[in-house]
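Engineer: Top line first, the protein sequences correspond to chains X and S. Numbering follows the UniProt record's numbering, with no gaps: position 8 of the first sequence is 8. Numbering follows the UniProt record's numbering, with no gaps: position 276 of the second sequence is 276.
Accuracy of the hints is not assured; some may be wrong.
As the list claims (entries may be wrong) - Covered, in the sense of this in silico footprint (three residues per stretch, anywhere, with C-beta under 8 Å from a C-beta of chain X), are these stretches of chain S: (1) 215 to 224; (2) 233 to 247.
Said to hold, decoys possible - From the structure, some residues in chain X lie toward chain S, with a derived Cβ separation under 8 Å: (3) 86; (4) 89; (5) 91; (6) 102; (7) 106; (8) 107.
Stated by the list, open to error - Some chain X residues flagged as far from chain S (calculated, every beta-carbon gap over 10 Å): (9) 9; (10) 20; (11) 97; (12) 105; (13) 116; (14) 120; (15) 154; (16) 297; (17) 306; (18) 319; (19) 509.
Keep in mind the hints are simulated off the structure, nothing from the lab. Even glycine gets a Cβ: it sits at the ideal position worked out from N, Cα and C.
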Amino acid sequence: MSKLVEIKNLHVEATTDAGRRIEIIKGVNIDIAKGEIVALIGESGSGKTTIALTLMGYTRPGCRIADGALLVDGKDMAGLSERERAKVRGTEVAYVPQSAAAAFNPSQTIMDQVIEVTRIHGLMTSDKARERAIELFKALSLPWPETIGERYPHQVSGGQLQRLAAAMALIGGPKLVIFDEPTTALDVTTQIDVLRAFKSVMKAGGIAGVYVSHDLAVVAQIADRIVVLKGGEVQEEGTTEAILSTPAHPYTQELLSAFEPKETQFAGKRTYKARPLLEIENVIAGYGPIQADGLPFMTAVRTVSLSVEKGRNLGIIGESGCGKSTLARTIAGILPASAGNIIFDGKELHHDARRRSREALREMQIVFQYADTALNPAKPIEDILGRPLSFYHGLKGKARDTRVNELLDMVRLPKALRYRHPSELSGGQKQRINFARALAANPKLIICDEITSALDTVVAAAIIELLKELQRELDLSYIFISHDLSVVEAICDEIMVMYRGEKVEHLTREDVKSPTHPYSKLLFSSVPKLDPTWLDTLVLEPELVRQYGGA
Amino acid sequence: MNSEIASMIGKRLVIAVITLIIVSFAVFFATSMLPGDTATILLGQAATPDAVAGLRHAMHLDEPAVLRFLRWIAGLVTGDLGTSYANNMPISKLISARFVNTMKLAGITALISIPFALTLGITSAVLRGTLYDRVVTVLTIGVISVPEFMVASTAVLIFAVYLKWLPAISFVNEVHSLYDLLRMYAMPVVTLTFVVSAQIIRMTRAAVIETLSTPYVEMALLKGASRSRIVLRHALPNALGPIVNALALSLSYLIGGVIIIETIFNYPGIAKLMVDAVATRDLPLIQTCAVIFCAGYLILITIADIIAIISNPRLR
Chain X
1 MSKLVEIKNL HVEATTDAGR RIEIIKGVNI DIAKGEIVAL IGESGSGKTT IALTLMGYTR
61 PGCRIADGAL LVDGKDMAGL SERERAKVRG TEVAYVPQSA AAAFNPSQTI MDQVIEVTRI
121 HGLMTSDKAR ERAIELFKAL SLPWPETIGE RYPHQVSGGQ LQRLAAAMAL IGGPKLVIFD
181 EPTTALDVTT QIDVLRAFKS VMKAGGIAGV YVSHDLAVVA QIADRIVVLK GGEVQEEGTT
241 EAILSTPAHP YTQELLSAFE PKETQFAGKR TYKARPLLEI ENVIAGYGPI QADGLPFMTA
301 VRTVSLSVEK GRNLGIIGES GCGKSTLART IAGILPASAG NIIFDGKELH HDARRRSREA
361 LREMQIVFQY ADTALNPAKP IEDILGRPLS FYHGLKGKAR DTRVNELLDM VRLPKALRYR
421 HPSELSGGQK QRINFARALA ANPKLIICDE ITSALDTVVA AAIIELLKEL QRELDLSYIF
481 ISHDLSVVEA ICDEIMVMYR GEKVEHLTRE DVKSPTHPYS KLLFSSVPKL DPTWLDTLVL
541 EPELVRQYGG A
Chain S
1 MNSEIASMIG KRLVIAVITL IIVSFAVFFA TSMLPGDTAT ILLGQAATPD AVAGLRHAMH
61 LDEPAVLRFL RWIAGLVTGD LGTSYANNMP ISKLISARFV NTMKLAGITA LISIPFALTL
121 GITSAVLRGT LYDRVVTVLT IGVISVPEFM VASTAVLIFA VYLKWLPAIS FVNEVHSLYD
181 LLRMYAMPVV TLTFVVSAQI IRMTRAAVIE TLSTPYVEMA LLKGASRSRI VLRHALPNAL
241 GPIVNALALS LSYLIGGVII IETIFNYPGI AKLMVDAVAT RDLPLIQTCA VIFCAGYLIL
301 ITIADIIAII SNPRLR
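With the rest of the complex left out, here is chain X:
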């Protein structure tokens, strides 16, 4: 079998801020045949993007290839001069970035950037390149292929930009395309279109690919072979079918088990109490100046009602921009609602958090998506957790210290972490601290706004487990906001689907399998499954896609 790519004994070193050299890739060997798509899968920090980028002879600032050979079509990328590498980039090996929105230059038209590769390498005339680009736009099923190139990057949607980035990679006729988590930033409904477009173009051109991802289900749809990485080393390698059906390495098994629907016993027995813990009636919220009719300029949440019973969890799901996070902020009072009632534990709450009583604030806590930005980087963990203890409970000195230890214990973190700063913790640990801070208030309800979406699959699954355990111990209720159906399904008793600021459907766990609203149907059927044939056999009603499909 003819090999297009041979990575032999690759070592990559990184220099830390302190000037210390650490090895981040430790002797990796990977082969890729012509026309084969190989997925590199692993959690963040496993070195998957670093390896993929070395195939272009590139390492991010601070890193360098220390040892090994990188043969791409017979040329050793590690040994070439910078000038020779530049010749290979875009023509033989091309790159599709993780966030196309950031990878397009905001001050140039899309067409200029798509055909730039042909200009740099003098591949064809400008007119020819434009024609070729429009052909690619059509092949990638982009809307308005003839004119979309005249726009600027901010004038098209995220899913379209991601496909345009693929066109930008393909225009130079590469033999190998590197996809760096190209669908991670997209909604599931959009992801399907993008994956399909990628797959058909790659197959049609017989182009080999390296697909970097942390999502096994996505990879299963597009890759021929999977390489599982952890800590800069290959853990397991095999065909997609083999990895999915008979994973040998414990880490691979762990990755796979994060997908399996778990047997969940729910602590929340339906108690049929007369009144629910939280009731929201016809809430309207949005941004911008208040108009004459008393509504905000941009309405993000339109007349939404919901209720959460004590000890039960409500999941809110929808694509980005559907208003789910705005709803969370409205319930918490961070963004005061323009209309409607918020009744918590039988008492009507003021729309504005600043005018709620301290007791009301204490009983309802919110946990934000990015622990990185939610935790003060200048404070040690004990201060971060101690602050709400003093604020809500007036704890001081020894009592406060004991309680901080208890909180760390609750979120299954060692007590020694209390002296560290947030920057000295891993992503999962930070999210646990973020959650512990909400627990410090002894709340009745915790609003979790996408708290697992910035985490790796395995770490996220552990956080969900923790949330369930704490619910049993502390008699909590959660409102769990996510764009990821599997996460919501794992923890919620009831699921509310939002679309364009409106609640379109309310489902209980039993009827998650059979949603009735067309948007819910589309959303639920768009979630990738581990089955490699899922994407090819998936049939979505064209009418649905036209009406609700991404972008």
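For this one, chain X is given, so just place chain S on it according to the hints.
Structural biologist: Relative to chain X, chain S alone:
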């Protein structure tokens, strides 16, 4: 979209005009509060109270300040800048020659310092962390830290006093040839270039470094673009806003802030005129100079804003 940009530019212009009115108001009343009475100063200590009162009346000094302000503003708008208290000459005549001198000095300095500073700023950003970058950074910080009178005095000491290559003072009237002109402008221009460039270099370097670390620059690199293409086509256009603002700030300094340079080299510019006017309590002259400085500043900043708006397709 184009009407939007026009309205944004229109708004900037209106803001500039309002600022100018507020500043002239502030200038007028601040100068009115200067201690001492112009009539007394003009007539000397031996003047009789009657003579002083007569002069005050003739100069409208006995009118309420608001009325004088309105009279002055009306004059400004119609082009009548008033008459100097000190020597009874029309202010427009006093200023015009000096203004041309100032613009000459500013123009020559700008012509030299802008390309010089931009080149150094951009190259040191591209070669970030190299010896070249460090040398440029150390030198610019050094120049920023040394006061300009120090640079000017040292230059005079070396080139005029010891080496006797250049004249220590600028006599504009004795310029007969290009050689004379070069000799005359060499030291003031070099000193000003030092002062002005340092700021531009630092701002340009910072702005370019920021854009160089963006994902779209990495993308350009991975398309195989050469370094110069990456910098000129991807990094610079997106760093234009901060750079033109730095330029505008530095250039506005050349119009009104060069008093030390003009004094040391005895260069007959407008800043020196203003300082002399303060010494003689020549209020109309002070006010007019202040308004000219302010207008120059506002024009430059507004132009920079407009360029920043036009260069950003998200606003276009």
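Engineer: Indicate, hint by hint, whether the structure satisfies it.
Structural biologist: For each hint, the structure was consulted:
no.	hint	result
1	215 to 224	holds (count 9)
2	233 to 247	holds (count 4)
3	86	holds, 4 Å
4	89	holds, 4 Å
5	91	holds, 7 Å
6	102	holds, 4 Å
7	106	holds, 6 Å
8	107	holds, 5 Å
9	9	holds, 24 Å
10	20	holds, 18 Å
11	97	violated, 6 Å
12	105	violated, 4 Å
13	116	violated, 6 Å
14	120	violated, 5 Å
15	154	violated, 5 Å
16	297	holds, 17 Å
17	306	holds, 36 Å
18	319	holds, 23 Å
19	509	holds, 41 Å
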